[in-house]
Amino acid sequence: MKEKENKIASLDLESQSNSKNYDSVSLEIQEDNITNNLKHYQIQFQLGKSAVKNKSDVTANSAKLQQFEMAKQSNQYRSQLQSINLKDSNAQGKFVNIDIQDPQPISDRFIENNNVVKQSNNQQFQQAQQSGQLQKQNSLTFQDLIYDISNEVKAMQQNQHIITPKNIDDTYKSTNGTRQLQKSSTLFDDEYFFDEREQTSVKKSRYLNPELFHKLRDHQVDWNLKVFFEFLIYHFLFYYITGPFTIILFFRKEKLMRNLSFWGNKFQFYIQSVLYFLNAFNLILYFTSDNTNIFTVEIVYMEVVLFLRAYIISCKYATLHPDKLQLYKNYELEGELTLQDYYFARWVFQSDITVYRESYNAFQRGEFDSSMFYLNFIVNPSQECIHQFDDGIQSLKKWHKHDHEYITPCIFPSENYVYGYGVVHYLIKNFTKDNPNAPLLAMAIILALFRGFLLLIYRYLDKEISYTNFSTIEIIQMVGIVYNTSFGYFSSFVFLIFFTKDLKLKNYLQKQCIQLISPKKLSLGVKKLLPTINFTDPYSIKTWSTLRRLFLDYGKAYYLRLEAFISIYVFVAVFSLATLMLWLFDVYVLPTNIGVACGFEAFMILFFLFYLLIQGAVINTNFDMNKNIIFDYQMAYDDVIRLRKFYFHNSQQSSNMVRQKIISSVQKKFKIKEYTDKEQDEKIQDYLNEIKESFNDCYKEVNQDSITQPFVFFGIQITTVLVQNVLIALGTSAVGVAQYYINSRNKK
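Each residue of the sequence shown is one higher than the one before, starting from 1 at the first, in my numbering.
One thing to keep in mind: the hints can contain errors.
Stated by the list, open to error - Within a straight-line C-alpha distance of at most 25 Å, the following computed DSS-like cross-link-like pairs (lysine-lysine) qualify:
1. K504 - K556
2. K521 - K429
3. K429 - K324
4. K316 - K401
Think of the hints as simulated: they come from the structure by calculation, not from any bench.
Sequences and hints are given; from them, build the entire structure.
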């Protein structure tokens, strides 16, 4: 009998579950104070997917835990208990395996309880079926459930409580209810405090579907070099080699090919196919026929603009969230979804959904508290502004697809406070109203057409060689070259032109923030649209800082793409400029048409680049302006603190508007009339120091942003002095080159 008691107690019952995949969750519970000899034990649940669909498993396991607790309290275990493995399912029985180094007699109640447990399991299983509790639950929720139950068990052990089935059952009920409410919002939330496990990522990917496209937490924007090259290869193959037949090469990725518009009844597919066939046709004729009227430089730049198109599209996918990439690869998405992240889909026009997404994502990246995103003004805005704030918030709110509320209640008294998102919508819409897109689009079209017909015009203006006799094949070639070149350069020029507008938008929003905090109107080139914030309110000061940082990070994904595009365009400019110099200085004997084409390329690209650099330099100067204004406020509060005896005890007034406003605010808050006692004086000093500290925090944040988020070009921080020096150097060089060219032409 003793030998039987020393052996492992086991119960082997066949499972009715047909589940093929099993999840194993290990719960490690440690205790220090109950028994000196008991150091550690481990409980391991091995449950099938179907086994986690009702709470009978947890109740049955808790019964085993109760029996174990009773045996432990009888002081029959003298040595360390290594592990208890419980394999439990909704079947006809249980398998219990207890490994003990120095086993002692075990109560027969542990075995006799099996029938009771089995009967309880069957009853609860039937109840679960009838009540509809066997609906599908994802494994991620179950993993979180076991983790929470483990925490409850640990807390009970530390408090020296006995674990009963009711304890664990109650824990299951409360935890499961909470998880069900949070499941849809937390399934794709960022893991702030947990490591990213491969198993979790795999489980998470199972629940991705197009319906969750707008609910994905895609605010984190990073450059994925691997994804960039992957999609660059796809587009390179389509534009240069296989065209519409790319889907045959990647037949296992049919859904991705359709989402890339490489196949399907889509307008984008037909446009890209025309580009491919015209490019292939021109290349074949150029290398197989002897057509002297087709310039090599035309063919070269036609290939360059196609590569630039593939490059900028690949930049889009390199900045997408991994979950969105999975949707692109695993589902055939509607055209509205695939076009959503394109530059010209909504960003250029700053539609409501774009303003919502980019402002909300910037807010999430900054880890700001939306319950403190409220501000008031030193004077009340007009009723028209208030209505526009409210309308803007409602326009943004309708695009909010997450489970948590978009409008978070204010944590401090909200009288005369405005929600920050209303200010965001108001300022951006005023910018788009004052800066329409039509003139910029017209400019891009004119420049693209001019570039497409440039060498055709040159043929008719060249007096040395007559290009009037064209064969039919040559005419067809030139039509294809003009179409591909014009279309490709339109894409390039439109990105360059609208990038200048994007930088202008960022500069505009930063200057509006400067106007918001400045007590007086400043000559910044933008109209002051809103009153100055209440600089005597620490909450409004904090909201202003949040607003400034949000505007600084607004549209980060698009700026990353455009910066990558500018980087490759610089190499095109350098190549064109170097070729132009070789032609001008007669280093190589090159045709004049090469000099014409390269000269146009170099001039246009450098012109836009320097305009961008000027805008970037202005953006960087905004940091210094903010710091100067904040420093002035700090000095004003220092003066009031230092002279508070005269202002609040002797009722003196200041001739400075800012200081007098601070004094009036303190008098109103503390109801000061003539005299202040020592206790009240200390409260006033603490209050003023609190506001001063708020400005001090703002100063630190501005200084930090000037270091971490300035406008840089190839890693160089751009300043107005640097731009001026470069312009002077290039202007001098251009004059010297022009003079040399004129002299060389006169000698000839």
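Status of the hints after comparison with the structure:
1. K504 - K556: holds (15 Å)
2. K521 - K429: holds (21 Å)
3. K429 - K324: Status violated; Cα separation ~28 Å.
4. K316 - K401: holds (23 Å)
Checked against the numbered hints above, the structure violates only hint 3.
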